[in-house]
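Peer 1: Letter by letter, the chains look like this.
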Amino acid sequence: MRAPADPRIVRHRLPALTFAVFLLVIAASSAVVFALELGATVGHVAAHYRGGGFARAKTLDGLLLVAVPHLAAMPIVLFAAAHVVGWARAVSRRGYRALLGVSFGGAALSIACPFLIRYVAPTAAWLHLAAFLGLEAALLAWSALLGAVFVPWRSRVRTRTPAPSRLPHAGRVAVAVARRWRTGFRPRQERPQPGSGEHPST
Amino acid sequence: MRFLVRPSVRPRSRAPVRMFMAFAALALAGWVLQRVREGGLVPSEVEACYLGVPGGAPLGAAALWEEVHVGAFVHGFTLFMLGSLLVVSPVRDRVRRALLVTAAAAALCDLFAPFAVIALGGWGGIRVATFVAAALSSATLLVVVAVRFGSEVVGASPG
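In order, the protein sequences belong to chains A and B. Residue numbers for the first sequence follow this note's numbering, so the first one is 144 and each next one is one higher. Residue numbers for the second sequence follow this note's numbering, so the first one is 100 and each next one is one higher.
Just so you know, these hints were derived from the structure itself, not from any lab. Glycine is no exception: its CB is placed at the ideal position from the N, C-alpha and C atoms. One or more hints might be untrue.
[Stated by the list, open to error] Ranges of calculated distance between the beta carbons of each label pair, as one might list FRET restraints:
| id | chain 1 | residue 1 | chain 2 | residue 2 | range |
| --- | --- | --- | --- | --- | --- |
| 1 | A | His-213 | B | Gln-133 | 17 to 25 angstroms |
| 2 | A | His-213 | B | Arg-111 | 29 to 37 angstroms |
| 3 | B | Gly-155 | A | Ala-178 | 19 to 27 angstroms |
| 4 | A | Ala-215 | B | Ala-124 | 35 to 43 angstroms |
| 5 | A | Leu-214 | B | Gly-129 | 43 to 51 angstroms |
| 6 | A | Leu-214 | B | Leu-125 | 20 to 28 angstroms |
[As the list claims (entries may be wrong)] In silico negatives: residues of chain A with every beta carbon more than 10 angstroms from chain B:
| id | residue |
| --- | --- |
| 7 | Thr-161 |
| 8 | Ser-172 |
| 9 | Val-245 |
| 10 | Tyr-262 |
| 11 | Leu-283 |
Work out the full structure: start from the sequences and follow the hints.
Peer 2: The structure is reproduced here in structure tokens:
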């Protein structure tokens, strides 16, 4: 039986879906620009940065001109997408972490590889291609997850909730006692209230 | 971000949201000014930008797609932020939906309008129209969020 739609998710449907559409446009335009400017083979990518034929090698200024805006933009986009997907618990914790790793790892390598290709080794073009493909796949995955959670005809699907403990009650009590044992059965300290004189802000 | 939209901390979130709105307004104003100075309101200048001199080659595909790439990031993120703030502002659902859908559709049309200008070999007015629509709809969205956010606590569940 389907669970009723989560009202928090329903309220944020439109901004999330709008963002998903723009994520797709970002991914598509990025792929086209990569293919048109760098080429789709390792040789073309290496030649784009190191020069060859009629092309000049990229200067440090030219590389920085592309890298610096991406250093600011890519984490913001990925953070926003990850934040919404994580909030909606649309994917398991392990899958979420894997996707985060691919996304941010791919972004970092995509920014670093032009420098590696230009100044260290042309073979880093392999890494650049792999990182770019990983990042593109991650962007598509974030868009798909946003769609899966927020598209109206899918919003009645139950989102993930933390799995209940499989231990019987006695087991849960034992675990709780063991945890308290490790912390030395210290009583919980009352938090100082703002304005009481003990609060750091007062 | 959740901090910003949680009703219990709404009073504290007003200041950072106002600051964000101020920067978003400046970005919008800068974008409009830049586009107007480049001839974005004159169809013949739009055509000259994308089609080049008569008999010459139009702007390359890579340059067009780069423009789409940058615009998609700027519009996408700004609309996402404004839309999320609008969700927790006391605005009618219909109005909220209309504002965000119009702004997003106008922005997307504006991003891809240059392809139409090149494909049609003219019709710079298309880009002028999409620019005006995108600027007006984004400005309206921004003003509504600026005026309504935090004006009263709505029945939003803690997000």
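Peer 1: Okay, which hints does this one fail, numbers in order?
Peer 2: 4, 5, 7 and 8
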